[in-house]
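Visitor: Position chain G against the provided structure of chain P, taking the given hints into account.
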Amino acid sequence: MKHLRLYQIGLLVVLVAFWWAMTKPGLLPNLMFDNDRQAAFFFGEPLTVASRIWNWFVITGDIYRNLLVTLTETLLAFGIGSVLGLAGGLWLALSPLASAILEPYVKAANSMPRIILAPIFAVWFGLGIASKVALGVTLVFFIVFFNVFFNVFFNVYQGVKQVSPEVLANARMLGASPRQLLRHVYLPSATSWVFSSLHTSVGLAFVGAAVGEYLGSSQGVGYLILQAEGSFDINTVMAGILVLTGFALVLDALVGRIERRLMKWQPRSGETEKL
Amino acid sequence: MTDASASPAPDPAPSSAPALSLDGVSCTFISRDSPGQRYTAVADVRLAVAAGEFVSVVGPTGCGKSTLLDVGAGLLAPSTGTVAVFGRPLEGINKRAGYMFQSESLMPWRTALGNVMAGLEFRGLPLPEARAQAGEWLKRVGLGGFGDRYPHQLSGGMRKRTSLAQTLALDPDIILMDEPFSALDIQTRQLMENEGLELWQRKRKAVLFITHDLDEAIAMSDRVLVMSAGPAARMIGEFMIDIPRPRDVAEIKTSARFLELHAAIWFVLREEVLEGYAQQLRAA
Chain P
1 MKHLRLYQIG
11 LLVVLVAFWW
21 AMTKPGLLPN
31 LMFDNDRQAA
41 FFFGEPLTVA
51 SRIWNWFVIT
61 GDIYRNLLVT
71 LTETLLAFGI
81 GSVLGLAGGL
91 WLALSPLASA
101 ILEPYVKAAN
111 SMPRIILAPI
121 FAVWFGLGIA
131 SKVALGVTLV
141 FFIVFFNVFF
151 NVFFNVYQGV
161 KQVSPEVLAN
171 ARMLGASPRQ
181 LLRHVYLPSA
191 TSWVFSSLHT
201 SVGLAFVGAA
211 VGEYLGSSQG
221 VGYLILQAEG
231 SFDINTVMAG
241 ILVLTGFALV
251 LDALVGRIER
261 RLMKWQPRSG
271 ETEKL
Chain G
1 MTDASASPAP
11 DPAPSSAPAL
21 SLDGVSCTFI
31 SRDSPGQRYT
41 AVADVRLAVA
51 AGEFVSVVGP
61 TGCGKSTLLD
71 VGAGLLAPST
81 GTVAVFGRPL
91 EGINKRAGYM
101 FQSESLMPWR
111 TALGNVMAGL
121 EFRGLPLPEA
131 RAQAGEWLKR
141 VGLGGFGDRY
151 PHQLSGGMRK
161 RTSLAQTLAL
171 DPDIILMDEP
181 FSALDIQTRQ
191 LMENEGLELW
201 QRKRKAVLFI
211 THDLDEAIAM
221 SDRVLVMSAG
231 PAARMIGEFM
241 IDIPRPRDVA
251 EIKTSARFLE
261 LHAAIWFVLR
271 EEVLEGYAQQ
281 LRAA
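Line order of the protein sequences matches chains P and G. Position 56 of the first sequence, counted from 1, bears residue number 56 in the working numbering, the numbering being contiguous throughout. Position 113 of the second sequence, counted from 1, bears residue number 113 in the working numbering, the numbering being contiguous throughout.
Same shape as in the complex, but just chain P:
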């Protein structure tokens, strides 16, 4: 697909044009609303939204302070959650006794709607950054944790052969200690699942930060959205959502770049470089 990007951008243009046409007062006859300004009131107008974003970034520049807060929360949640999830997943996967004891608790924690913890975290950690990070960590942790835990667990103990028994036996014959096995066999073979879960986690880290801010805060993009919503300023709400989405995409692309670098040992389909 040579023109893939072209089609993707084209689709975006069509969607925005549709949005613009449907909300532009007086452009189309009213079918749904009593008044031709109502569509704009409910859905915002793309041009106003764009000018809001332009204002934030270029003219007043007051987005940066809030964006910095939100990004800090997101990155902290993402980093802490991923590391804890990876460590916890590996630990439980490699320790059958602990996983047997904790299994019902793990299941319960997973099926609990964790976003509901946000108000509790606000009480525990206050209205500053900490409570948002805590929420994000909780969301990210479980994604990474489950991916690593279930994959490593099932591979090592249930005999699905992703960590190939031969590679494991070979490393042991080459003299690897249990720690070296973890570092040189289990961790590398877990990386592909870790990355697949990291892509999901990036979005959730943003969810944690934004929802936390939305529920109670004095700064951050979520706070901007909350303020705008209070005055029924849909255009600003939309602008905030678009900014968050944009940065989530950037972060996801970064993860993808790191993934490609670290996973270059993995054969890709269509690659026929045999010698």
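Hints were generated in silico from the structure; no laboratory data involved. Any given hint could turn out to be false.
To be verified - Negatives, chain P to chain G, calculated, CB over 12 Å: (1) 88; (2) 185; (3) 187; (4) 233.
Unchecked claim - Derived CB-CB ranges, DEER-like: (5) 92(G) with 255(P): 57 to 67 Å; (6) 61(G) with 256(P): 41 to 51 Å; (7) 101(P) with 61(G): 40 to 50 Å; (8) 187(P) with 44(G): 38 to 48 Å; (9) 92(G) with 97(P): 53 to 63 Å; (10) 91(G) with 115(P): 46 to 56 Å; (11) 200(P) with 148(G): 30 to 40 Å; (12) 148(G) with 181(P): 16 to 26 Å; (13) 246(G) with 177(P): 38 to 48 Å; (14) 33(G) with 218(P): 28 to 38 Å.
Please read all numbers here as calculations on a predicted model, not as lab measurements. Ideal Cβ placement from N, Cα and C applies to all residues, glycine included.
Guide: Coordinates of chain G only, in the frame set by chain P:
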């Protein structure tokens, strides 16, 4: 020439203990799902490999040859019997042995060089030194320019060479090989067999070589052991291969002594192969 399984294997170096000896080894596997189901892979196996000796074990497929290697490597504890390494009972992993597996055993996330140096690295050798030694070994197996390739970028034969270098780089006193060349095409295979023999000739390590290919066994070994069909496979024959070295695996296959030995061993092996095949048909 042929020996009953009960009589002890003649030890070519009686003055010192054999490099690896298995005595009365049986392995019974219990099914994890239903503990009542048992499968005895090998029963009462006795074998000894002297230091510097090249011993092959041949037998029908599924007779438990690989199980014996796992026992010798210390990866699998036998149900009964003892394993001794240079006279000392084996506990845990056999640290004096290198094991070349039948299937892919390279770490896919390490380059060829990284794989060869893995063992040296695990033993705490400083990285630059490990890298230099591994590079030497790669050159020795003819992969000097391929150190930065990942396993999936190498052909099957090159991966086997890398495995060979990985095993030999640690300079083990005992080398266990589980059908190392069985996945290769016939030309690459003869090439690898000759190279393997040459490397072995230089260092003279004890080798326990598992194969289902009788030609390969005779061409490479000092001694060939024949196993019966499983379950409860036993040693049923032992043949000294008195063809002079150095050998060329392709050339000696036409020599009179080779054909004689081949006929003698095949006479013992044939019934077991047929028996093993019949069992597989019954199971299917």
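Visitor: Hint by hint, say whether it matches the structure.
Guide: Verification of the hints:
1. 88: holds, 22 Å
2. 185: It is violated; residue 185(P) is separated from chain G by about 7 Å at its closest Cβ, not greater than 12 Å.
3. 187: violated, 9 Å
4. 233: holds, 51 Å
5. 92(G) with 255(P): 57 to 67 Å: For residue 92(G) and residue 255(P) the Cβ distance comes to about 41 Å; the hint is violated.
6. 61(G) with 256(P): 41 to 51 Å: For residue 61(G) and residue 256(P) the Cβ distance comes to about 45 Å; the hint holds.
7. 101(P) with 61(G): 40 to 50 Å: holds, 43 Å
8. 187(P) with 44(G): 38 to 48 Å: holds, 42 Å
9. 92(G) with 97(P): 53 to 63 Å: violated, 21 Å
10. 91(G) with 115(P): 46 to 56 Å: holds, 53 Å
11. 200(P) with 148(G): 30 to 40 Å: This hint holds: roughly 33 Å between Cβ atoms.
12. 148(G) with 181(P): 16 to 26 Å: holds, 25 Å
13. 246(G) with 177(P): 38 to 48 Å: holds, 39 Å
14. 33(G) with 218(P): 28 to 38 Å: violated, 59 Å
Of the numbered hints given earlier, the model fails hints 2, 3, 5, 9 and 14; all others are met.
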